[in-house]
Every structure is written in structure tokens, then in C-alpha cells.
Amino acid sequence: DAGITQSPRYKITETGRQVTLMCHQTWSHSYMFWYRQDLGHGLRLIYYSAAADITDKGEVSDGYVVSRSKTENFPLTLESATRSQTSVYFCASRGGVAAKNIQYFGAGTRLSVL
Amino acid sequence: SQQGEEDPQALSIQEGENATMNCSYKTSINNLQWYRQNSGRGLVHLILIRSNEREKHSGRLRVTLDTSKKSSSLLITASRAADTASYFCATDRNSGNTPLVFGKGTRLSVIA
Numbered sequence: 048d049a050g051i052t053q054s055p056r057y058k059i060t061e062t063g064r065q066v067t068l069m070c071h072q073t074w075s076h077s078y079m080f081w082y083r084q085d086l087g088h089g090l091r092l093i094y095y096s097a098a099a100d101i102t103d104k105g106e107v108s109d110g111y112v113v114s115r116s117k118t119e120n121f122p123l124t125l126e127s128a129t130r131s132q133t134s135v136y137f138c139a140s141r142g143g144v145a146a147k148n149i150q151y152f153g154a155g156t157r158l159s160v161l
Numbered sequence: 322s323q324q325g326e327e328d329p330q331a332l333s334i335q336e337g338e339n340a341t342m343n344c345s346y347k348t349s350i351n352n353l354q355w356y357r358q359n360s361g362r363g364l365v366h367l368i369l370i371r372s373n374e375r376e377k378h379s380g381r382l383r384v385t386l387d388t389s390k391k392s393s394s395l396l397i398t399a400s401r402a403a404d405t406a407s408y409f410c411a412t413d414r415n416s417g418n419t420p421l422v423f424g425k426g427t428r429l430s431v432i433a
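Protein chains in written order, with this note's numbering: chain A, 48 to 161; chain B, 322 to 433.
Note that these hints are calculated values from the structure, not bench results.
Only a predicted model underlies this, so the values are computations on that prediction, with no experimental measurement involved.
Worth double-checking, as some hints may not be accurate.
Stated by the list, open to error - Below are the DSBU-like pairs computed for lysine-lysine, each with C-alpha atoms no more than 35 Å apart in a straight line: (1) B/K377 - B/K347; (2) B/K347 - B/K390; (3) A/K58 - B/K377; (4) A/K104 - B/K347; (5) B/K391 - A/K58; (6) B/K391 - A/K117; (7) B/K391 - A/K104; (8) A/K117 - A/K147; (9) A/K147 - B/K390; (10) A/K117 - B/K390; (11) B/K347 - A/K147; (12) A/K117 - A/K58; (13) A/K104 - A/K147; (14) B/K347 - B/K391; (15) B/K377 - B/K391; (16) A/K58 - A/K147; (17) B/K390 - B/K377; (18) A/K117 - A/K104; (19) A/K104 - A/K58.
Same shape as in the complex, but just chain A (with noise of 0.2 Å):
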């Protein structure tokens, strides 16, 4: 979708290594997420944001860590990359109440841990 935009699409690394992964809406959504999908645990929440500079920590946070200074931006960044983050991220958005919380995701990025 052109309005929620992830990257890189894919990455390569090495343990120990910081990986930033970004995520950047053009709609002005006050919600973003951070999701990371692996075969047989299916979609499962890192971190997400209400608004610029709130963000909360989701089921699987360790290891990981986000900001969001502005409204259009959430970088999701591995501090020091394990291989057990191998894994699909997804990002996504939604607006306010009215949306009904339907939410918006890009594209994805495989990162891959060595």
C-alpha cells in the first residue's frame, strides 16, 4: 500500500550487529504498530505508539526498541541482533476512532540474522 512505506524489503546481518528497520505513513495516523510474523506464531505485536513520543511495549519486546519523534515515523531498531529475530516485520497504521481500528500494513521487511 503507497501510503505505509518499510525499509529496506530485505536485510542481512550478523549477531551482535544494531539493525534499524523504518517505517514511514503518509497519512497521519496517530496509531503505528510493530509486528514480526514467523511460521507458526503468526502475527505477534512488539511495540506500538498512540502518538508521537507514546509508545508501548507489545508481547515480544525484548531486545527491540522504537521511538517516534515524528507522527510519520516509527523506526524499530535491534539493538544487538539475535539469530532468533530472524523474522518478517511488519509495520502498521491506523487513524483515530472513527477508523474503527482497521489497520493499514506495509510491505514487510525479511530480516535475516547470521
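Could you slot chain B onto chain A? The hints should help.
What follows is chain B alone, placed relative to chain A:
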């Protein structure tokens, strides 16, 4: 942990047949949503059903919700090869004040 659990995990049907996927959840909800994911892509919203609704239609999609059984079903009628995808249910427990919780998905294959 997942709120919604889809059943079956995988489903293979012939083009033209109907496909039914089920979702069970654990706690009370405000609404339930279904999403589709094509291979290598992000999830796309299909349909939303509120907790006070029992059935909803959108084109070839029909969704039912039984809050007493904490379950929902998604029916795709007259399936097409292009319907091949994974389908996820997602529950909204608190009118948007908490994130959606997704199930593990049903992988649907429609054979031409």
C-alpha cells in the same frame, strides 16, 4: 498470547467451491476483523463485524459472529484462484484503545 485461533490451519479447495474458515477467541470483544495476506505481502483488511452484529456481507464474503461461543466464521463463496492467500482474524477488545490481536491464520489454496 494469541486472542484468536483460526481453524483449519490450511485449506485446499477447487475453484468455484466455497471456503469456510473459523476463528475462536477468548475474551469479550468490541469487534472482530478479518484480514487477507497474499504471499510476500502485508495484511489487507477485508471486513469488520461489531459485537452486536451476527452476520455481515461484503461481495463474496460472509462473516458471522457468535459472541456466546466466542467464535466467528468467514465464508468465501464461488472461490477463485486469486483468493489463494492466508486469512487472519483479529479481535479488538477495547474500541481501539488497545492493539488488535491476531490469530495464526488459515492458509487457503484455491486450485484452478
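Consistency of the hints with the structure:
no.	hint	result
1	B/K377 - B/K347	holds, 21 Å
2	B/K347 - B/K390	holds, 9 Å
3	A/K58 - B/K377	violated, 41 Å
4	A/K104 - B/K347	holds, 21 Å
5	B/K391 - A/K58	violated, 40 Å
6	B/K391 - A/K117	violated, 38 Å
7	B/K391 - A/K104	holds, 27 Å
8	A/K117 - A/K147	holds, 23 Å
9	A/K147 - B/K390	holds, 23 Å
10	A/K117 - B/K390	violated, 42 Å
11	B/K347 - A/K147	holds, 21 Å
12	A/K117 - A/K58	holds, 24 Å
13	A/K104 - A/K147	holds, 22 Å
14	B/K347 - B/K391	holds, 7 Å
15	B/K377 - B/K391	holds, 16 Å
16	A/K58 - A/K147	holds, 33 Å
17	B/K390 - B/K377	holds, 17 Å
18	A/K117 - A/K104	holds, 18 Å
19	A/K104 - A/K58	holds, 24 Å
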